[in-house]
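My request is simple: use the sequences and hints to build the entire structure.
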Amino acid sequence: MAKILVVGSMNMDIVTQVERHPVPGETIQGNETRFFIGGKGANQAVAASRSGVSVAMAGGLGLDSFGADIRRGLAEDKINLDYVADQPCMTGLALITVDGAGENNIILSSGANGRYGAEEIDQLDLSGFDVILLQNEISSAANQRVLDRAAEKHIPVFMNPAPIDGFDRSQLHKVAFLILNEVEAEVLSGIRIEGSSQALEAGKKLLKDGIPHLIITLGSKGSIYMDQSGSQITLPAFSVDAVDTTAAGDTFIGAFAAKYVTGAEVHDCLRYATAASALAVAQPGAQSSIPTDDQVSRFLRHRTIGQ
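Note that the numbering used here gives residue 285 to position 274 of the sequence shown, counting from 1, and the numbers run on in steps of one.
Listed next, the in silico SDA-like pairs over lysine to any residue satisfying Cα-Cα at most 20 Å (straight line): (1) Lys14 / Asp88; (2) Lys232 / Ser250; (3) Lys185 / Pro167; (4) Lys216 / Asp179; (5) Lys232 / Ile202; (6) Lys215 / Arg203; (7) Lys164 / Ser138; (8) Lys164 / Leu135; (9) Lys89 / Gln306; (10) Lys185 / Ile222; (11) Lys232 / Leu246; (12) Lys164 / Leu137; (13) Lys14 / Ile166; (14) Lys219 / Gly201; (15) Lys14 / Lys89; (16) Lys232 / Gly113; (17) Lys14 / Thr273; (18) Lys219 / Val198; (19) Lys232 / Glu114.
What follows is a list of derived Cβ distance ranges for each label pair: (20) Arg45 / Ala79: 16 to 22 Å; (21) Val194 / Arg45: 21 to 27 Å; (22) Gly36 / Ser242: 45 to 51 Å.
These are computed hints drawn from the structure, not numbers from a lab.
Positions of the beta carbon are idealized from the N, C-alpha and C atoms, including for glycine.
Okay, structure coming up:
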């Protein structure tokens with residue numbers, strides 16, 4: 012079975028439903044608050060595992076009840092936790108508000124994710140993994156060390172530069188797949204994206220950094236794939252009623268990587284990932300909203316792109 016290693020963040024998401032997001036200095040009444048296991052790394056690991064491949068998670072968790080809850084939750088998804096390091100601090104937190112349209116605002120408190128660094132990366136045994144997934148919710152030093160060690164082992168890295176603040180683009184030439192949304196693409200390219208034409212322009216500029224493969228996700232407008240050979244694929248989204256977009260991007264990335272590592276064609280991987288993310292936004296929460304392979308397959312049998 013194909014094996015994926017996800018190196019990244021694990022958080023407890025504290026999610027409050029609101030009619031609208033507050034403006035600075037304003038206090039509003041929340042409708043409901045719930046706790047979900049999240050973090051971009053953990054979300055992508057769950058998405059990949061539920062898509063049918065073997066997944067290991069590497070990162071830091073605090074020695075608190077949130078850390079214990081996250082361990083139990085990931086273990087239930089058959090994710091190998093041998094690479095997870097205990098840290099003498101609080102587990103990472105995400106404070107999330109979700110408005111009536113399903114759009115979210117997120118504040119991260121890094122906790123154990125921020126303590127996980129290059130020394131822990133040097134202790135990882137990377138042999139046997141087909142792909143490594145990275146994000147930007149752990150230290151840049153840890154990510155740089157993963158990229159260096161992956162290059163030594165000839166393991167392709169799928170990088171999601173989120174959150175984009177503080178992202179070190181100097182390492183992009185070591186990335187096999189750059190997968191990012193339109194906001195992140197705007198920051199890295201300097202090109203304002205309002206649709207697919209601007210996204211293509213931004214993608215062409217980013218490919219000049221030497222990235223072999225690039226995907227820009229555009230939310231309800233779908234996604235765009237580009238590579239160094241000049242290939243381009245524009246794929247519309249499935250039409251669904253959005254409830255919570257919190258884990259949509261992570262679901263897309265984990266699902267795409269899972270299918271790609273099994274040898275599926277890029278177009279088929281994109282279609283599968285698009286369906287998985289559509290199902291995710293139609294449910295509340297982060298990992299609780301991520302569909303299984305059977306659910307995505309059933310969805311694809313009855314739906315076509317744009318419907």
